[in-house]
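*Asks:* For the record, the sequence lines run as chains Z and A.
1 is the number of the first residue of the first sequence in this note's numbering; add one for each residue after it.
1 is the number of the first residue of the second sequence in this note's numbering; add one for each residue after it.
Heads up, a few of these hints could be off.
[Unchecked claim] Negatives, chain Z to chain A, calculated, CB over 10 Å:
{"#": "1", "residue": "279"}
{"#": "2", "residue": "430"}
{"#": "3", "residue": "640"}
{"#": "4", "residue": "649"}
{"#": "5", "residue": "762"}
[Stated by the list, open to error] Here are the simulated lysine to aspartate or glutamate pairs, EDC-like style, with alpha carbons at most 20 Å apart:
{"#": "6", "chain 1": "A", "residue 1": "147", "chain 2": "Z", "residue 2": "93"}
{"#": "7", "chain 1": "Z", "residue 1": "157", "chain 2": "Z", "residue 2": "93"}
{"#": "8", "chain 1": "Z", "residue 1": "367", "chain 2": "A", "residue 2": "88"}
{"#": "9", "chain 1": "Z", "residue 1": "367", "chain 2": "A", "residue 2": "41"}
{"#": "10", "chain 1": "A", "residue 1": "147", "chain 2": "Z", "residue 2": "714"}
Since the hints were derived computationally from the structure, they do not count as laboratory data.
Even for Gly, the Cβ is constructed at its ideal location relative to N, Cα and C.
One letter stands for each residue in the lines below.
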Amino acid sequence: MTSLRMLRRDWRAGELRVLAAALVIAVASVTTVGFFADRVSQALVRDAHQLLGADLVLVADHPWSGAVPELLRGSGARRAEAVNFISMALRGEKNQLAGVKAVTENYPLRGRLRKAPSLGAPDAVAERGPAPGTVWIEERMVTALDAPVGSTLKLGKLELRVAAILTLEPERTANFFNIAPRVLMNLADVPATGLIQTGSRVSYYLYAAGTAEQVAALQAAITLGRGERLDTLESGRPEIRAAIERAQRFLSLTALLAAVLAGVAIALGTRRFVERHLDGCAVMRCLGATQSRLLALHAGEFLVLGLLACALGALIGYGAQSAIGAALADLIRADLPRPTPWPALQGFLVGLVLLLGFALPPLLQLKDVPALRVIRREAGALRGGAVAAYAAGFVSLSALLIWQAGDLRLGVYVVGGFAAAVLVFFAVAWAVLNALSRLKIRSLRYGLANLRRHARGNAVQVASLALGLTAVLLLTFTRNDLVDAWRRAAPPDAPNRFLLGVQRDQLEPVKQFLAANGLAEADLYPMVRGRVVAVNARPVNEAEYSEERARRLVEREFNLSYMDAPPAHNALVRGQWTADGLSVEEGIAQRLGWQIGDQLTFNVGGETFSAPITSLRRVRWDSMKVNFFVIAPPAVLGKLPTSYISAFRAPPGKEAALNQLALQFPNLTLVDVGAALKQFQDVADQLIAAVQFIFLFALGAGLLVLYSALVATEDERRREAAVMRVYGASRAQVAGAQRVEFLAMGLTAGLLATIGAALIGQLLARRVFELDLPPSMMLVVAGPLAGLALLSLNAWLSSRKVLRASPALTLRESI
Amino acid sequence: MKNNSSVLNVLVASGIGKTVKSGTGELVILRDIDLQVTPGEALAIVGASGSGKSTLLALLAGLDTPSVGSVHLDGHDLFALDEDRRAELRGRVLGFVFQSFQLLPALTALENVMLPLELAGRDDAQDLARAMLGRVGLAERLHHYPKHLSGGEQQRVALARAFVVRPKLLLADEPTGSLDVQSGAAVITLLFELNREHGTTLILVTHDEALAARCARTVRLVGGRIAA
Numbered sequence: 001m002t003s004l005r006m007l008r009r010d011w012r013a014g015e016l017r018v019l020a021a022a023l024v025i026a027v028a029s030v031t032t033v034g035f036f037a038d039r040v041s042q043a044l045v046r047d048a049h050q051l052l053g054a055d056l057v058l059v060a061d062h063p064w065s066g067a068v069p070e071l072l073r074g075s076g077a078r079r080a081e082a083v084n085f086i087s088m089a090l091r092g093e094k095n096q097l098a099g100v101k102a103v104t105e106n107y108p109l110r111g112r113l114r115k116a117p118s119l120g121a122p123d124a125v126a127e128r129g130p131a132p133g134t135v136w137i138e139e140r141m142v143t144a145l146d147a148p149v150g151s152t153l154k155l156g157k158l159e160l161r162v163a164a165i166l167t168l169e170p171e172r173t174a175n176f177f178n179i180a181p182r183v184l185m186n187l188a189d190v191p192a193t194g195l196i197q198t199g200s201r202v203s204y205y206l207y208a209a210g211t212a213e214q215v216a217a218l219q220a221a222i223t224l225g226r227g228e229r230l231d232t233l234e235s236g237r238p239e240i241r242a243a244i245e246r247a248q249r250f251l252s253l254t255a256l257l258a259a260v261l262a263g264v265a266i267a268l269g270t271r272r273f274v275e276r277h278l279d280g281c282a283v284m285r286c287l288g289a290t291q292s293r294l295l296a297l298h299a300g301e302f303l304v305l306g307l308l309a310c311a312l313g314a315l316i317g318y319g320a321q322s323a324i325g326a327a328l329a330d331l332i333r334a335d336l337p338r339p340t341p342w343p344a345l346q347g348f349l350v351g352l353v354l355l356l357g358f359a360l361p362p363l364l365q366l367k368d369v370p371a372l373r374v375i376r377r378e379a380g381a382l383r384g385g386a387v388a389a390y391a392a393g394f395v396s397l398s399a400l401l402i403w404q405a406g407d408l409r410l411g412v413y414v415v416g417g418f419a420a421a422v423l424v425f426f427a428v429a430w431a432v433l434n435a436l437s438r439l440k441i442r443s444l445r446y447g448l449a450n451l452r453r454h455a456r457g458n459a460v461q462v463a464s465l466a467l468g469l470t471a472v473l474l475l476t477f478t479r480n481d482l483v484d485a486w487r488r489a490a491p492p493d494a495p496n497r498f499l500l501g502v503q504r505d506q507l508e509p510v511k512q513f514l515a516a517n518g519l520a521e522a523d524l525y526p527m528v529r530g531r532v533v534a535v536n537a538r539p540v541n542e543a544e545y546s547e548e549r550a551r552r553l554v555e556r557e558f559n560l561s562y563m564d565a566p567p568a569h570n571a572l573v574r575g576q577w578t579a580d581g582l583s584v585e586e587g588i589a590q591r592l593g594w595q596i597g598d599q600l601t602f603n604v605g606g607e608t609f610s611a612p613i614t615s616l617r618r619v620r621w622d623s624m625k626v627n628f629f630v631i632a633p634p635a636v637l638g639k640l641p642t643s644y645i646s647a648f649r650a651p652p653g654k655e656a657a658l659n660q661l662a663l664q665f666p667n668l669t670l671v672d673v674g675a676a677l678k679q680f681q682d683v684a685d686q687l688i689a690a691v692q693f694i695f696l697f698a699l700g701a702g703l704l705v706l707y708s709a710l711v712a713t714e715d716e717r718r719r720e721a722a723v724m725r726v727y728g729a730s731r732a733q734v735a736g737a738q739r740v741e742f743l744a745m746g747l748t749a750g751l752l753a754t755i756g757a758a759l760i761g762q763l764l765a766r767r768v769f770e771l772d773l774p775p776s777m778m779l780v781v782a783g784p785l786a787g788l789a790l791l792s793l794n795a796w797l798s799s800r801k802v803l804r805a806s807p808a809l810t811l812r813e814s815i
Numbered sequence: 001m002k003n004n005s006s007v008l009n010v011l012v013a014s015g016i017g018k019t020v021k022s023g024t025g026e027l028v029i030l031r032d033i034d035l036q037v038t039p040g041e042a043l044a045i046v047g048a049s050g051s052g053k054s055t056l057l058a059l060l061a062g063l064d065t066p067s068v069g070s071v072h073l074d075g076h077d078l079f080a081l082d083e084d085r086r087a088e089l090r091g092r093v094l095g096f097v098f099q100s101f102q103l104l105p106a107l108t109a110l111e112n113v114m115l116p117l118e119l120a121g122r123d124d125a126q127d128l129a130r131a132m133l134g135r136v137g138l139a140e141r142l143h144h145y146p147k148h149l150s151g152g153e154q155q156r157v158a159l160a161r162a163f164v165v166r167p168k169l170l171l172a173d174e175p176t177g178s179l180d181v182q183s184g185a186a187v188i189t190l191l192f193e194l195n196r197e198h199g200t201t202l203i204l205v206t207h208d209e210a211l212a213a214r215c216a217r218t219v220r221l222v223g224g225r226i227a228a
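With the hints as extra help, turn the sequences into a complete structure.
*Replies:* Dropping the structure here:
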C-alpha cells in the first residue's frame, strides 16, 4: 500500500481536484509575480532609463575632469557627453532665447531621439544625434525664428543649418523649469560658437549605460565633488517611478490575494476530503492500519500531490511571465535578463506552506478516527472550526508572503484585512442567520428550521462564500475602478504645457490672453525659489544626510509657493493648514526627517525667513499638475521676489495662439510636456495591461473558494433531504425548504461581500495606491445579486441531485 | 502476552462490563460477560435492540475499551496493548463484515478487496483479490464502484474483503440487516460456505433467530447480561 496508489485512487474519484487547482493557482501567481519582479521589472527600470537617456547621468557646473571621467572610461560602460546652456539664437532680424544642448553623436545611450523632416510631418526615430554643422530645433523655435528645415540660424559666431524638427528627446521633462525651446547641436561645434566663456552658466553632462553590475559598480565608486550630482530614475522622473511602483504593488497584492484565497480553498477542500475519508480510515483501522501508518499514507499522498501541483504551478508561472513580457514588448525594447530559479523556489515554498498550514490540521484528524466508527457512525466526527489549528499555517504563510511581496505595509493590510474579514464575516453571518431563523413565517418554517439546525455550518459556509465573493467583487468591480483611478492620475486631458516666469504685473493680461484664446482657465501659482538653511535653528549640513537623494534635496533650491488654502489636488495627511505655518510634501518630509512642529529657515535671494511645519500634504506627482514641496503663508513669502507658474492643457491646433503668447510676453517660458505626458501614459497603459493578466489568477482562486464553500455541506444536505422524503415530504417541500435556506444565506453572503469589497477597495486605494476611489454603484447592486444568484443556482443544482437520486440509494450510500 | 488458558480458545472474554456516563448518571450497557470461543466454532450473539450486542462485538474486536474485564484474542491480552498494537493484531487475526458494508466509495470492488492485503504489505494483493472476488461470484464486477453495485453485491465484496486475508476469526455485525430477504439469504449461504472452506471461527451478531439457528451455539443478551 503506497501513498502514490492512494493518490491515484483519490484523484480518480475527483476528491483532490479542487485542492490541486488551488495549489497550482497559488504557486503560479506567486511564481509569476516573482519572475516578473526578478526579470521584467528589472528590464522596465532599465528601460525607463531611456527617459533619462542613460542608466547614470552625471551633471556638473564645471567641465568634468579627473577621477570621474577616468572611472567611466575604465568601467566598460558606454559613454556619451553633452553640455547645456542658454543662448540667443538669431535668424535675420529675429531672435529667440534657446535652450542649447550639444551632444556627442551617440547620444542618447538609452531611449531614442525623434525628429521630423518638416513642420507637421510625421516623426521617426533618429539613429544618431545631429551631425556637425547642423542643428535640430523644436517646433516653437521654427515658428519664432521662421526657420524651416533647410534654413540656417546663428548661435554665437557659428552658422548652423536646420536639419530636422526635434520632436522628442529623452530628458525633455527632467529639468524643464529653466529651459527655453530646444536647439540640439553636435558637441564638436561648441568651441566654434565661442559661447562658452569663463563664467557662462553651463551644465556639463556625462552619460553612462551598461550592465546592471557595471552601473552598480560605477554608482558605488563615484565620489562627487562640489557642484556635481548624479541623476537616477528616482530623482529624474518621479511620475514614471510612481507608475512602476504602483504596478508592482498591484501585482504583489494580487499574488497575495491569490495565495491567501488558495489557502481557504485548500482548507475547505481538505475538510471535505477528510469528512469523506473518515469512514474509510475507520475501516482501515479495523483492517489493521496503525495511526502512524494512516498519517504517513495521507501525508505522503498530500506531499506528492503538493509537489506535482507546485511544479505545475511554477511551470505556469514561468509561462505567464513570458506572456507578460510579450505583452510589454513595446515597453521593454531590450532583451530581458535571464530568469533565475529563485522565483520558482519561492513559489514552491509558498505552495508547501499552504499545504502544511491549511491541509495538515484537518488531515491530522484522520489518524484519530476510532475504529469503533464502523459500528457507531457518530464516533469520531470531525471536530469543528479549529481556528487555532490553522493559526500556525496562517502566520507562517503571512510571514512568507509579506517577505515575498517585499512590502510590509501591503502585506499587513492584505493579511490583516483578510483575517479580520474572516472573523467578522463569521460572526455577522452567525448572528444574521440566527435572527432569520427565529422569524415566525408558517410557509417558510422548514427552511427556517434548517437555518437554525445548521447555524454553525451555515455560518462557516456563508463566511467562506462571502470571502470568495469579496475577492471576486474586489477583482472585478473594484479593480476596474482602481485601474480607472490610476488612469485618471494622468488623464488624457492632463495639462500638457507649463508656463513659467509670469511676473506679478503680467498676471491679469496673461489670464485674459489664455481665456480669450480658449486655453482653459489656468490657475497661476506664485513661485519663489529658496534654499533651506536651518532646521530648528541648526544650520543644515549636507554631510549629515547619509542618503544621496536626501543630500541632493537639501543642496538644491526648492520651489516654494504661498497661498491661502491648500491646492485642491493635494490632500492634507497630517496636521492643520494654518495661516502662519508651512505645509510640506510628506515624501520630502519623511526623507529629510522633518516632523510637524519643526522650524524651517529658508534663504530666498539673500533674505531669510523661518516658520514651523504645521501640515504634511500628499502630492500626486503623476498628475502633471503644478506641485510644490513647501507651501508657505502669503504673509511671509508675499513680500519676496515672486514669479507665477501655471500648467494648462493646449489642445492640438492651438500652436499659433501659443506662439502669439510667446511674442506678446517674450519673458515667459512655455514648456511643452505633451510628449512626456504621452510617454507616461503609454507606460501606464502597458503596465495596466500586464497587471490585468495576473488578476486572472486571483479570480480563479476566488472562484475555487466559492466552489469549495458551495459543495461543503452538500453531503449532509443530501442525507437530510433523503430522510425528509422517506418520511413523506414532497419534492416541492424538500426543494422549497432548501431554497429558503439558500436564499437567506446568499443574501447574507452577498451583502457581507459587498461591504467587504467596498471597504477593502477604499483602504487599498487610499493607503496603498494613493488613489481616490469613488464609491461604485455597480458594486452595491451586483454584490447582493451575485450572492443570491450563486446560492439560487446552488439550491437548484443541489435539489436536483438530491431529488433525482432515490432516497434509499442516498441513505444507503451515506449510512 | 499469551497465556495457556487462552491458547486453546481463539477468544476469551472474562468479566467484561461497559458503563457510560449519561445525563442522569451512569448507564450500564454490559456487565459480567464471560465468553470462550474455540477454533472453528460458529457462535451467534442474539438479543433485542439495545441489549448491547454491537457494543459486545466492538469490545471483542478491540474497537472499544471495556470499563472492566479483559479480552484475549489469539492469546493476546487485547487491552494490555495500545490502540496501534491492537490494530496490528486485528489486521493479522480478524475479519469484519458490517451491516452497512463499509466499502470505500472511491475504490473499485477489486481495490476494496485488495485494501487489507495492501495494508499488510502483500505483493500478491491483486491476484488474491481477483480470485476471492471470483469465488463470491463477482468476477465480472471487479472494476465497479460500490455505488454501481446492488446491496447484495456490495455485501459479497465485503465478504471477499473479510476472507481474503484468511482471518482466524470473522466478526459479522448484522450482515443481512441492510438487505432484502433474497439477497440476505444468498449472502448468508455464501458466508457459511466460506467459513467452512477456510475453517474460520465465526461470531455473528444478529437479531434474526433463524440466522442464529444456523450457528452451532447461541449466546443471548438481555439487558446487557448473558441470559442463562
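*Asks:* Now look at each hint and say whether the structure bears it out.
*Replies:* Status of the hints after comparison with the structure:
A Cβ of chain A approaches the Cβ of residue 279/Z within 10 Å, the least distance being about 7 Å, so the stated non-interface status is violated. Interface exclusion of residue 430/Z from chain A stands, the closest Cβ pair being 27 Å apart, more than 10 Å. With 10 Å as the threshold on Cβ separation, the claim that residue 640/Z sits away from chain A holds: the shortest Cβ distance comes to roughly 83 Å. For residue 649/Z, the condition that its CB be more than 10 Å from all CB atoms of chain A holds, with the nearest at approximately 67 Å.
Residue placement check: residue 762/Z keeps its beta carbon more than 10 Å from all beta carbons of chain A (closest about 46 Å). Proximity of residue 147/A to residue 93/Z is assessed by CA-CA distance (about 101 Å); at most 20 Å being required, the pair is judged violated. Straight-line distance between C-alpha atoms of residue 157/Z and residue 93/Z comes to about 16 Å, which keeps the hinted pair within the 20 Å bound. A C-alpha spacing of about 15 Å is found between residue 367/Z and residue 88/A, which places the hinted pair at or below 20 Å, so the restraint holds.
Of the supplied pair hints, the one linking residue 367/Z and residue 41/A is violated, its CA atoms being roughly 34 Å apart against a limit of 20 Å. With a C-alpha separation of about 17 Å, the suggested pairing of residue 147/A with residue 714/Z holds against the 20 Å cut-off.
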